[in-house]
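Undergrad: On the provided structure of chain A, position chain B as indicated by the hints.
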Amino acid sequence: MTETDVKICASHVGKAFTRGHRFIKVLDNISFSVQAGEFVAILGPSGCGKSTLLNMVAGLESCEEGNIIVNEYHTAQPERHRMMMFQEAALFPWYNVLGNVVYGLRFKKGLTNAERKTIALHYLRLVGLDHFERAYVHELSGGMKQRVALARALAPNPQILLMDEPFSALDALTCEQLYKDVQKIWNMQHKTVLLVTHNVREAVVLTQRVIVLSQRPGKILKDFPIRLPYPRSVHDVSVSALANELIKVLHEKDDADDYVSCI
Amino acid sequence: MKYRLPFLDLSIVKFLLKKVAYLFVILCIWQCAYVLGGCSDLIFPTPFQVARFLWNACADGTLVGATWMTIKRLILGYGISMLIGIPLGMLCSRFYILNACIGKLVLGLQTLPSICWVPLTLLWFGQTDCAILFVVTMGSLWSLIASTESSVRQIPNLYIKAARTMGSRGIDLWLTVIFPAALPFIITGMKQSWAFAWRSLMSAEIYVSTIRGLGVGQLLHYGREMQAMDHVVGIILVIIAIGFIAEKVIFANLERTLHKRWGFVKSPH
Numbered sequence: 012m013t014e015t016d017v018k019i020c021a022s023h024v025g026k027a028f029t030r031g032h033r034f035i036k037v038l039d040n041i042s043f044s045v046q047a048g049e050f051v052a053i054l055g056p057s058g059c060g061k062s063t064l065l066n067m068v069a070g071l072e073s074c075e076e077g078n079i080i081v082n083e084y085h086t087a088q089p090e091r092h093r094m095m096m097f098q099e100a101a102l103f104p105w106y107n108v109l110g111n112v113v114y115g116l117r118f119k120k121g122l123t124n125a126e127r128k129t130i131a132l133h134y135l136r137l138v139g140l141d142h143f144e145r146a147y148v149h150e151l152s153g154g155m156k157q158r159v160a161l162a163r164a165l166a167p168n169p170q171i172l173l174m175d176e177p178f179s180a181l182d183a184l185t186c187e188q189l190y191k192d193v194q195k196i197w198n199m200q201h202k203t204v205l206l207v208t209h210n211v212r213e214a215v216v217l218t219q220r221v222i223v224l225s226q227r228p229g230k231i232l233k234d235f236p237i238r239l240p241y242p243r244s245v246h247d248v249s250v251s252a253l254a255n256e257l258i259k260v261l262h263e264k265d266d267a268d269d270y271v272s273c274i
Numbered sequence: 077m078k079y080r081l082p083f084l085d086l087s088i089v090k091f092l093l094k095k096v097a098y099l100f101v102i103l104c105i106w107q108c109a110y111v112l113g114g115c116s117d118l119i120f121p122t123p124f125q126v127a128r129f130l131w132n133a134c135a136d137g138t139l140v141g142a143t144w145m146t147i148k149r150l151i152l153g154y155g156i157s158m159l160i161g162i163p164l165g166m167l168c169s170r171f172y173i174l175n176a177c178i179g180k181l182v183l184g185l186q187t188l189p190s191i192c193w194v195p196l197t198l199l200w201f202g203q204t205d206c207a208i209l210f211v212v213t214m215g216s217l218w219s220l221i222a223s224t225e226s227s228v229r230q231i232p233n234l235y236i237k238a239a240r241t242m243g244s245r246g247i248d249l250w251l252t253v254i255f256p257a258a259l260p261f262i263i264t265g266m267k268q269s270w271a272f273a274w275r276s277l278m279s280a281e282i283y284v285s286t287i288r289g290l291g292v293g294q295l296l297h298y299g300r301e302m303q304a305m306d307h308v309v310g311i312i313l314v315i316i317a318i319g320f321i322a323e324k325v326i327f328a329n330l331e332r333t334l335h336k337r338w339g340f341v342k343s344p345h
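Heads up: the protein sequence lines correspond to chains A and B, in order. Each step along the first sequence adds one to the number in our numbering, with nothing skipped, and position 216 is 227. Each step along the second sequence adds one to the number in our numbering, with nothing skipped, and position 4 is 80.
Mixed in with the good hints, there may be bad ones.
To be verified - In silico contact screen, one side only, chain B against chain A (beta carbon under 7 Å); selected entries: (1) LYS237; (2) ALA238; (3) ARG240; (4) THR241; (5) GLY243; (6) TRP338; (7) GLY339.
Unchecked claim - For each label pair, taking beta carbons as the anchor points, the in silico distance ranges come out as: (8) B:THR333 <-> A:HIS92: 32 to 40 Å; (9) B:ILE316 <-> A:ALA183: 48 to 56 Å; (10) A:ASN124 <-> B:ILE173: 37 to 45 Å.
No lab work stands behind these hints, which were simulated from the structure alone. Note that CB positions come from ideal geometry on N, CA and C, so glycine has one too.
Looking at chain A on its own, in the form it has when it is part of the complex:
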């Protein structure tokens, strides 16, 4: 691999908050890199700073120590070549489904409104929501909302997709279906994807590499490759085996009892 294939490069990243008089270190000396077209998970217990890390990659939060370089530039501002999905779908209820997907395309130059609409409809079809373009957000189920959010994130054709626990508020059956669809879409488009999750199986099912973070302050415990063929299912024995290994990694350094494994 050449240097230019590195899409995201974090080096010695640290972050701390002051809450009242207390000084809380959330991230400590995080270094990793993600290649173009790679699907990588950041796995860690709640409160280990993994969402903060993702926000920093997105450019929504500033980097205090170290630096994060995306596409050879520092991440000071959000940009449209990296789109983000959140735990809540964050759809805008004042637009309908189509309007939400078109929203991300408004700033793409050189497109007519008709073209924007065509692109939006294409991505809605891709996530399995054709015929729902006129529906309003409150009429959709949680899974459908996340599908719209996925379509909205994919529509501007970003190079990088950042996912902040997008499946954690959904029920198990909906999750399974979405895992299948996300794998399918990733195999079609091979975008660089960075997924933040506390769900071990989710990380194993979806990604090629899992970066395991410790309890706060988050440090990298292990960089764990997942070399299983796609498509994968949460019920695969090989997935379970790897998930168990990952849980061991999480528990090795983790004496605290308050971590509940989310398998």
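TA: Below, chain B without anything else, positioned relative to chain A:
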């Protein structure tokens, strides 16, 4: 066998019958109070007298004309205060310096009962429509600024984060995300400040006897001057009806629709 009306929804019929029954009971109590109380009907009119007044006033057009005049003043005065209040409230939430400058002023003026503007406005504008509009605007503007300012603070940060990752910034972010996200809260504030505007308008109409067009407040005032109690009670009923329709029918429905569509049952935090 159950009898069913073929084209009428029975639940609606039931609902209407209930309402009519309630109304009938209240009118009966009113009439009984008159009969038992032994007051003169110059002091305590019967429902029939009031109904007769309302019928005649409708028939000769004074009541309809006055209601229309009042509604026009309300829309104009409240419209001015929305045009100033909502943008100013949003600017206050964005610029700390502006909020620091006029925040306290807004709070102070908000607590001032709007009837206190009447002496001032009579000296400034005289017995004119302008005077009435001024009182209505002053009565509702401050509460609208304050509620809009707090509305913008209540919107979920997630919307802004999502919009920023999609490239929205500055004025575009305000127009396409912050304003619509705050809209349900703004509507709630509007409902409240509308109530202020309505009360201000009634005090203004009673005190400012402009020659150009009578409003219901002025009709109420002349009812007292003519010592026509049926007139006074009839106008009070009309004032209640206007307030009820605007607040419970228009604003409440608007608020409910927006809150439902914006998904406030499960807040997106």
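Undergrad: When the structure is checked against the list of hints, which entries are broken? Sort them ascending.
TA: none
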